[in-house]
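Asker: Assemble the whole structure, with the sequences as input and the hints as a guide.
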Amino acid sequence: MPFEEKIGSGASAPLALELRGVSKSFGLILANRNINLAIRPGTIHGIIGENGAGKSTLMNIVYGMHTRDEGEILVAGASVDMRSSADAISHGIGMVHQHFMLVPTFTVLENVMLGTEGGMLLREGRQAARARIVELSEQYNLVINPDALVRDLNVGQRQRVEIIKALKGGANILILDEPTGVLTPQEAEQLFEILKVLRDQGVSVLLITHKLAEIMDITDAVDIMRQGEIVGHRKTSETSPAELAELMVGRKVLLEVERTATSPSEVRFSATNLGYTNSLGVVELQDINFEVRAGEILGVAGVSGNGQTQLMEVLAGMRHLTAGSINILGTNVTSSTVTNPRIIRDLGLRHIPEDRHKHGLILHFEARENMILGLQDSDLAGSGFLMDQAAIETNCREKMQDYDVRPSEPSHFAKNFSGGNQQKIVIAREFSANPVVLLVGQPTRGVDVGAIEFIHKQLLELKDAGCAILLVSVELDEIMSLSDRIMVLCDGKNVGILPREEVDRQTLGLMMAGQKREEALA
Amino acid sequence: MSKSAPPLPRWADLFLLPLINLSAALFICGLVVLAIGENPIEALGVMLKGAFVYSGGLGYTLYYTTNFIFTGLAVATAFHAMLFNIGGEGQAYLGGLGAALVAFAAGSLPGIIALPLAIAGAAVAGACWGVIPGYLQAKRGSHIVITTIMFNFIAASIMVWLLAGPMLEPNQQSPQSAPLPGSSHLPKIHEILDLLGIQITSSPLNASFLLAIVALCVFWVLIWRTRLGYAIRAVGQNPEAAHYAGINVPRTIIIAMAIAGGFAGLLATNEILGISHRVILNYTAGYGFTGIAVALMGRNHPIGIFLAALLFGALYQGGAELDFEFQSITREMVLLIQGMIILFSGALAYMFNPPLARFIARFTAPKEVARG
Chain Z
1 MPFEEKIGSG
11 ASAPLALELR
21 GVSKSFGLIL
31 ANRNINLAIR
41 PGTIHGIIGE
51 NGAGKSTLMN
61 IVYGMHTRDE
71 GEILVAGASV
81 DMRSSADAIS
91 HGIGMVHQHF
101 MLVPTFTVLE
111 NVMLGTEGGM
121 LLREGRQAAR
131 ARIVELSEQY
141 NLVINPDALV
151 RDLNVGQRQR
161 VEIIKALKGG
171 ANILILDEPT
181 GVLTPQEAEQ
191 LFEILKVLRD
201 QGVSVLLITH
211 KLAEIMDITD
221 AVDIMRQGEI
231 VGHRKTSETS
241 PAELAELMVG
251 RKVLLEVERT
261 ATSPSEVRFS
271 ATNLGYTNSL
281 GVVELQDINF
291 EVRAGEILGV
301 AGVSGNGQTQ
311 LMEVLAGMRH
321 LTAGSINILG
331 TNVTSSTVTN
341 PRIIRDLGLR
351 HIPEDRHKHG
361 LILHFEAREN
371 MILGLQDSDL
381 AGSGFLMDQA
391 AIETNCREKM
401 QDYDVRPSEP
411 SHFAKNFSGG
421 NQQKIVIARE
431 FSANPVVLLV
441 GQPTRGVDVG
451 AIEFIHKQLL
461 ELKDAGCAIL
471 LVSVELDEIM
481 SLSDRIMVLC
491 DGKNVGILPR
501 EEVDRQTLGL
511 MMAGQKREEA
521 LA
Chain R
1 MSKSAPPLPR
11 WADLFLLPLI
21 NLSAALFICG
31 LVVLAIGENP
41 IEALGVMLKG
51 AFVYSGGLGY
61 TLYYTTNFIF
71 TGLAVATAFH
81 AMLFNIGGEG
91 QAYLGGLGAA
101 LVAFAAGSLP
111 GIIALPLAIA
121 GAAVAGACWG
131 VIPGYLQAKR
141 GSHIVITTIM
151 FNFIAASIMV
161 WLLAGPMLEP
171 NQQSPQSAPL
181 PGSSHLPKIH
191 EILDLLGIQI
201 TSSPLNASFL
211 LAIVALCVFW
221 VLIWRTRLGY
231 AIRAVGQNPE
241 AAHYAGINVP
251 RTIIIAMAIA
261 GGFAGLLATN
271 EILGISHRVI
281 LNYTAGYGFT
291 GIAVALMGRN
301 HPIGIFLAAL
311 LFGALYQGGA
321 ELDFEFQSIT
331 REMVLLIQGM
341 IILFSGALAY
351 MFNPPLARFI
361 ARFTAPKEVA
371 RG
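So the sequences go chain by chain: Z and R.
Under the numbering used here, read the first sequence as residues 1 to 522, first letter to last.
Under the numbering used here, read the second sequence as residues 1 to 372, first letter to last.
Hints may contain errors.
Computed footprint of chain R on chain Z; a stretch qualifies when at least three of its residues, placed anywhere within it, have a C-beta under 8 Å from a C-beta of chain R [claimed, not checked]: (1) 275-289; (2) 335-342; (3) 349-359; (4) 362-371.
These aren't lab readings, by the way, just hints derived from the structure by calculation.
Even for Gly, the Cβ is constructed at its ideal location relative to N, Cα and C.
Answerer: Next comes the structure, spelled out in structure tokens:
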């Protein structure tokens, strides 16, 4: 759709950034095809798409980290040759990456001056950087203490440092790649305030995300990407989440699954005063108490890095608890019990790990070998001394069909599947083993909208079948739409457990920041 | 990232690339031969004839190949668990001790019992020498590369002490053990064939070559068809996922090193049970180290290891012939050729990968979008 209508000011002002017919392929894979993009100055422009739609590739082309195969990039109306990130910076483009690139033991000032130290001695560079930080914080309301150590800052503040770094060279186009993934709702709100100030000061902001709500909240215009192409352009005020989702996926999507009424029965799984102290003596979990009943989903909410990972791994037997106890189907596990993932799995617990690349899959194994990971000693792999290749193949083929894994090819390496299909392999493996207790970590991280719908349905089916499920997710929407009760973790402690009906985003957000339920509700 | 070449097709990765590496190595060697005033084509011809054509040449080649198969397997087994086993030399050395001690102890038994026992002795002793670094890696985090290198020195020192002391043959000046009892001698291939009425030139090639072929098959079944092999590969590819899957990672590391050491120890079946029939100082002669190159070049796959072992066997034998035929080409020149091949197919294995991949990609033109 041509972009004729004007947004914001400056009817005849040149576009801040324009892409004409940009294409990029990696080997045989065409990651971006004939991309046309027009960013007006002083607007917040969203780019939304599923994982693997080519958003990050496109941004890396704009930021000079990939070179395009074809097409033209224009900054402020002039065609530029973008060959490295230094080129991009010199043309006034700054980028805040999804994973922060900060030195934790350096101060804010030292991080900001990194790369522009000046001469042999740091004195001059330091003075210049300090002046620049003060200038930027006044101009854009980016409050930060230049002498604080980065490791002492919270995630929202670290992101602010990244923004200052991106702006210090005088950038007037700022790219943010999935900026809210690690933030609490409150921190995200603060970020959006900053972005609005930036916009009002004339900076063009490019926001890459897969969250529909963010697009709707703060962007002025949005481009939708699917399979390496731009499939739609909308003014935000003229579109709806449902339309965006449909464009992203290419078909109508149910954005929220219908949560079924629960009839929880007996307690299947519980923790009493559970604690975990790591090998360095850092207390990572403290006094965790909960119980999960059959036919119930207990959601665990929290900003990532507040003990969810440790909780999951302790419960799955991958780490040894150091205090309290866990009870799985009547079997008690304490710090003196010998456990390992195998013993816990034999009790009937199944585990979708948070990080499928780190734990859930072996990327250089074929799909069929991954389909028996953790079950390699069971009959699925044959009962004899040698593994039964035919049985492994059949098992994989069946599960791939049941869970709609594409391509349905057992001999493909796990690394060659898309994120969503990789996750489906893990889910097919763990769900189909008739779990009675299920640990689910970030089931839809990096998974496209269509697959999210499928995974959520499967989870609810298991719940209805009487499985006791503990669900950890940093996606608040996911926790809220699936859980029957919600436990909030902050700093390794249980802030409170609430029935789903009694919470809203605001309360959860405050609890995730560590406020007790009473304070949060007050 | 930005300059990433397209992936290389599997056939090119397995066959074309090693061939190019080998050609490059031979080309450089050819230049060196030319520089000292000899004809490189002629030299290559002499090498090939020496290794495969001349009477007994093939026998010698396969005899060397046997050693390289065992030490190559020692490196490859550990490598599937992502362990870099530099200790094949020491493990093979200790394997000789195991074979000899069992052979002496079982001297009065008939060969049909004594021989398998001696072979097992070689494997077990090698395995023990692999287990210790494996244990230190798995339980204490001592890096396997460092410990296996150290264990080569320890093995060498132990053997010097034994061969110059307790095991020294009475009334003997050179450091070597007494001859092994006849019951533990492996038959030579030419002797076996002679019994069948086939006459071939005598060579050191003995029944351990057949054992090496069996070992290659065992290796394949172990790594790709057993639960243990699955565990070893899982630990090698992703120890965290292996832990998640309930695999005991430290134990798997120790077992992998035991098997690796066992394969190395079997080298003694060729050198000691097959040929010298006694333990001689430094009998391993660097085969353990060359095994690293064999495994690297053979991509840790039995077929690749066999071909790489055959190549190095041919180099050893053909090189000796070269040394013999040409005045100006010395033993050191042969070492240079081996070094070049190790350099190109080991250390520089991926040098030709990106240009080759681009070259091939040009002919297999991009198809329509195939994303997602």
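Asker: A separate judgement is required for each hint: does it hold in the structure or not?
Answerer: Consistency of the hints with the structure:
1. Check result for the region 275-289 of chain Z against chain R: violated, 0 residues qualifying (beta carbon to beta carbon below 8 Å, three or more required).
2. Residue count for the region 335-342 of chain Z with a Cβ under 8 Å from a Cβ of chain R: 3. That meets the three needed, and the coverage hint holds.
3. Counting residues of the region 349-359 of chain Z whose beta-carbon sits less than 8 Å from any beta-carbon of chain R gives 4, enough to reach three: the coverage restraint holds.
4. With a threshold of 8 Å between beta carbons, the proposed coverage of the region 362-371 of chain Z by chain R holds, since 5 of its residues qualify and at least three are required.
Hint compliance for this structure: hint 1 alone is broken.
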